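Enquirer: Spelled out, the chains give:
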Amino acid sequence: MTVIDSSDTPQQGDAPQGHATEGGHHETPAQRHQKEHMATWMFIGGDAVFFALEIFFWFYLRSLNTTGMWIGAKCSKLNPCTDGLGNPITHPIPKAAIGYTLGVAALIIVSAAFIWFAEIQGRDGASRKALTPLLGLGVLFSLAAIGLQFYQFQVLPFTTIDGTYASVFTFFMGSNIAHFLLVATIGTGLMNRARIGKYDNHNWYQLHLGRLFAVWVAFSCAVLAVLASFFA
Amino acid sequence: MTITEHYVEDTVLGPKAGGLYRRQNFFVALVTGILGGFIGWVIGQELLQGSNWGTDMTTTTTGVGWVIGFSAGIGSFNAIFRWIAGRDEDREDQLYGAGVGQGWKRYFKFCTDHKVVGTQYLVLVMVLFGVGGTLAMMIRTQLISPHMSFLSSQTYNSIVTIHGMVMIIATIIMVSGPFANFILPIMIGAKDMAFPRLNALSFWTVVAAVPPILSTFFLGGGTDSGWTTYAPLSVQSPAAQDMFCLTIITFVVSVTVAGINTITTTVTMRTKGMTMGRLPIFVWGSIVSAGLGLYAMPAFLMAQSAMLTDRVVGTSMYAPAQGGAGWLYENTFWIMGHPEVYVILLPAVGALIEVASTFSRKPVFSYKVMVGGIFGVAGLAIMVWAHHMFTTGWAPTLADPFMLTTELISIPTGIIFLCILGTIWRGSIWTKLPMYFLYLFLWNFIIGGVTGIYLSDVPADQYFHGNMFVTAHFHFTLLGGAMIGATAAVCYWFPKMTAKMLDERIGKVAFWIIAIGIQITYYGQFWEGFQGMPRRISNYAPIFANANLMSTIGAYTLMTGWLVFLYCIIHSWRHGEVAPANPWHAKSLEWMVPTPVPLENFLVDPVVTADPYGYGEPEPAVEPDREPEPAVAGSSSPEGGAS
Chain A
0 MTVIDSSDTP QQGDAPQGHA TEGGHHETPA QRHQKEHMAT WMFIGGDAVF FALEIFFWFY
60 LRSLNTTGMW IGAKCSKLNP CTDGLGNPIT HPIPKAAIGY TLGVAALIIV SAAFIWFAEI
120 QGRDGASRKA LTPLLGLGVL FSLAAIGLQF YQFQVLPFTT IDGTYASVFT FFMGSNIAHF
180 LLVATIGTGL MNRARIGKYD NHNWYQLHLG RLFAVWVAFS CAVLAVLASF FA
Chain B
0 MTITEHYVED TVLGPKAGGL YRRQNFFVAL VTGILGGFIG WVIGQELLQG SNWGTDMTTT
60 TTGVGWVIGF SAGIGSFNAI FRWIAGRDED REDQLYGAGV GQGWKRYFKF CTDHKVVGTQ
120 YLVLVMVLFG VGGTLAMMIR TQLISPHMSF LSSQTYNSIV TIHGMVMIIA TIIMVSGPFA
180 NFILPIMIGA KDMAFPRLNA LSFWTVVAAV PPILSTFFLG GGTDSGWTTY APLSVQSPAA
240 QDMFCLTIIT FVVSVTVAGI NTITTTVTMR TKGMTMGRLP IFVWGSIVSA GLGLYAMPAF
300 LMAQSAMLTD RVVGTSMYAP AQGGAGWLYE NTFWIMGHPE VYVILLPAVG ALIEVASTFS
360 RKPVFSYKVM VGGIFGVAGL AIMVWAHHMF TTGWAPTLAD PFMLTTELIS IPTGIIFLCI
420 LGTIWRGSIW TKLPMYFLYL FLWNFIIGGV TGIYLSDVPA DQYFHGNMFV TAHFHFTLLG
480 GAMIGATAAV CYWFPKMTAK MLDERIGKVA FWIIAIGIQI TYYGQFWEGF QGMPRRISNY
540 APIFANANLM STIGAYTLMT GWLVFLYCII HSWRHGEVAP ANPWHAKSLE WMVPTPVPLE
600 NFLVDPVVTA DPYGYGEPEP AVEPDREPEP AVAGSSSPEG GAS
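Taken in order, these protein sequences are the chains called A and B. Per numbering that gives the first Met the number 0, numbering through the first sequence is continuous, rising by one, with the last residue being 231. Per numbering that gives the first Met the number 0, numbering through the second sequence is continuous, rising by one, with the last residue being 642.
Worth flagging that the hints you see were computed from the coordinates, not collected in a lab. Hints may contain errors.
The list that follows gives simulated cross-link-like pairs (lysine to aspartate or glutamate, EDC-like), each with its CA atoms no further than 20 Å apart [as the list claims (entries may be wrong)]:
| id | chain 1 | residue 1 | chain 2 | residue 2 |
| --- | --- | --- | --- | --- |
| 1 | B | Lys15 | B | Glu91 |
| 2 | A | Lys128 | A | Glu35 |
| 3 | B | Lys271 | B | Asp604 |
| 4 | A | Lys34 | B | Asp87 |
| 5 | B | Lys499 | B | Glu576 |
| 6 | A | Lys34 | B | Asp604 |
| 7 | B | Lys507 | B | Asp610 |
| 8 | A | Lys197 | A | Glu26 |
| 9 | B | Lys367 | B | Asp610 |
| 10 | B | Lys271 | A | Glu26 |
| 11 | A | Lys94 | A | Glu53 |
| 12 | A | Lys197 | B | Asp87 |
| 13 | A | Lys197 | A | Asp123 |
| 14 | A | Lys197 | B | Asp89 |
| 15 | B | Lys104 | B | Glu91 |
Computed Cβ-Cβ distance ranges for the label pairs, DEER-style [to be verified]:
| id | chain 1 | residue 1 | chain 2 | residue 2 | range |
| --- | --- | --- | --- | --- | --- |
| 16 | A | Arg127 | B | Leu397 | 51 to 59 Å |
| 17 | A | Ala231 | B | Gln153 | 37 to 45 Å |
| 18 | A | Ile54 | B | Gln44 | 43 to 51 Å |
Output of the computed footprint for chain B on chain A, the stretches with three or more beta carbons under 8 Å from beta carbons of chain B [said to hold, decoys possible]:
| id | segment |
| --- | --- |
| 19 | 30–38 |
| 20 | 44–50 |
| 21 | 58–70 |
| 22 | 149–155 |
| 23 | 165–173 |
| 24 | 177–190 |
Since this is a predicted model, take the numbers as computed values, not measurements. By construction, the Cβ of each residue, glycine as well, lies at the ideal position given by its N, Cα and C atoms.
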């Protein structure tokens, strides 16, 4: 059933195909792009399932509103969430400030935009001097998004224990920070590699993959921000 | 037959090849893991105590510290930092990473050779089964008589929980780990997996997840909420539950990475002529399982992440008193939980088809229908989860649709079953050890499958749910079906993986003990179920005594069988007869390469001109334009070896 094709027989000492996947000379950038492009989409697909479940959690708990605790109680020893018989008492908490929530989303969208612009420049064969600042700005804005997200956590008018709205909202924040860290890490790698001249108009596929992920993160963060701001 | 030769092994590596990898291995990782755990403990204990979450916070930061420390020590992060720094590996680094010149030590390192990773997985799976099996024997010992006091109730609950999860982890990786790594790339004519470093990462991430789950026994008396860890009980469990959640989160990372790698390898690295229509069924089973895992595992991640935040920082997603919903956890868990059964089963079924065709000397019966059956199972698997919740009171109006989808899934499952039967029907059966296990699979799986149909029926489920009938059903499916399928795969590919023949005589002794042990153990549990004995109880009414005694005797028999099989593997690996390249006279590509398989599998790229099941068909003519005279693989006689 099988014949052996000897037309492209490797020679003694050639780098193996499998172990040369990143940087070896048996695979062209186009071949590597194909593999990593597919893997990136699958990773985004898996992340999309997680993202869909976050939204499911939001609407499930919001519609259930068990014991009136969606917009829940500000609980403390002086202000307990249950009476002496164990019945829930709700003292509605204020919602999170929309400005911070949308601000975080805006920052990560700007970050993704810079990475996307860098990809376009990279395709056109832009120099390292052109690419590096663009990617640097992408990283900077992702770090700013992380910073603002932490700041929002500090100034929230509720804590994690104050009902299910507060719970899912803070879960979103954690999820955002994890995603922004990935964007910042990937962006830093892209920036540094651009700085040392790893990309040109024949070899820009990593910029494309970075952009795909950054845009996905920006999109998902924006959806969560809209959800948390206008559908609480 | 020799179609290639070792040549990379002869390469002399420079003293700096591998860079940091030279200093990293399993033992270094243990030290850095413990160090990381200690740092995590200090952070949790000293810096985050102000958060008022106390023990849970400290436990979690300690576990996270362990995982990060271990991963750093083994080398999981090296490639990421090198990439960020803009330093690509040179050829020497790649060869060092692939284990060239390192002998047995490469099995304790972050090795990128897919065959090393496959072997590492095989050993890890056996270790996990050893742990899970030992816990199972403790459970059965406690249940040998009505008022046994071998274990306290708390300890019993912890053991049941950890037995369940260790076994689930082991069964998820039992075929996709060893064989989708070692065998699959060779089957499709690739020289390695698409992402060798991710391959090693997936393995060592599972290893990092093992100590946290075993540590649960020492944290507050263990986690006691069963392997499903239903909320809100699990939200209130001791600190051990934090480690349980952390284990799952770590494991999900591993399975996701492995799944992406398997699919990408199959889609992008097939050799010339290996069209999708010629893929071996094992490859189909593996990639559909991996795809299903990409859907299911994020749900597991979500379920356990939310559990962890409920426990560690006081969110209330699952606690009804604070507005949460236990049903939310149950839904999320089973959105993962039922597809996961097929994540386990499909690669095993794929392996069994390889066995059926090879040892029946017949092509696969209705290849396209078989592949369709695999996709049908996967498609329906994501629409059946709520049959686990018929008795919970959640959405009673949805009971009928979920009953229907669950019963529908028996159709593609039945198609797969019939295709296996059709493949061996009237074949020239060569009754070797893998075939023994194939027969046992067919017997067990029909019992597991048919009893599953009863459980999908809402009225019947009202009685059986939560009793030992369910336990017997899923053990017949997962142990009697999938695990026996994996055992057949071990027997079939053992010569290729170890270069030694598995001892048939000892193997058959093990087979008969296992076969009998399964029947006694789980018929006993069906009996308990019919009598109405609930699951997860450490003491029971005397009316259940005989059935439990029978089940425990069966379990000891089963354990004996597995120990004999383990001895068979170790003995054969060390002292077995040297295996020829193609002892089964099979037709698929993995049997066309020498044994032991050289680093890159193929010196020259193979060209596939027919499907891998062409038994009884004349050999195709060699393509005339190949220069020089091509070596022909797959030249074994169609009747070769049949008896």
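Enquirer: Does Lys94(A) pair with Glu53(A) here, judged by a C-alpha cut-off of 20 Å?
Expert: 19 Å, holds
Enquirer: With a C-beta cutoff of 8 Å, work out whether three or more residues of the segment 177–190 of chain A approach chain B closely enough for the coverage to hold.
Expert: holds (count 3)
Enquirer: Would you say the C-beta atoms of Ala231(A) and Gln153(B) sit inside 37 to 45 Å of each other?
Expert: 41 Å, holds
Enquirer: Is it true that the CA of Lys128(A) sits at most 20 Å from the CA of Glu35(A)?
Expert: Judged against 20 Å, a Cα distance of about 26 Å means the pair is violated.
Enquirer: Count residues of the segment 44–50 of chain A with a Cβ under 8 Å from any Cβ of chain B, then say if the count reaches three.
Expert: As far as the segment 44–50 of chain A goes, the hint holds, because 5 residues have Cβ atoms under 8 Å from chain B.
Enquirer: Three residues or more, CB to CB closer than 8 Å: is that satisfied between the segment 58–70 of chain A and chain B?
Expert: Contact hint for the segment 58–70 of chain A vs chain B: holds, 9 residues under 8 Å.
Enquirer: Has the hinted range 43 to 51 Å been met by the Cβ atoms of Ile54(A) and Gln44(B)?
Expert: The hint (43 to 51 Å, Cβ to Cβ) is violated, given that Ile54(A) and Gln44(B) are roughly 36 Å apart.
Enquirer: Lys15(B) and Glu91(B): Cα distance at most 20 Å?
Expert: 8 Å, holds
Enquirer: Please verify whether Lys104(B) and Glu91(B) have alpha carbons no more than 20 Å apart.
Expert: 18 Å, holds
Enquirer: Holds or violated: Lys197(A) and Asp123(A), Cα atoms, limit 20 Å.
Expert: Roughly 14 Å separates the two Cα atoms, so the pair holds.
Enquirer: Is Lys197(A) close enough to Asp87(B), meaning Cα to Cα at most 20 Å?
Expert: This hinted pair holds, its Cα atoms lying about 10 Å apart.
Enquirer: If you draw a straight line from the CA of Lys34(A) to the CA of Asp87(B), is it 20 Å or shorter?
Expert: 17 Å, holds
In summary, the numbered hints that this structure violates are 2, 7, 18, 22.
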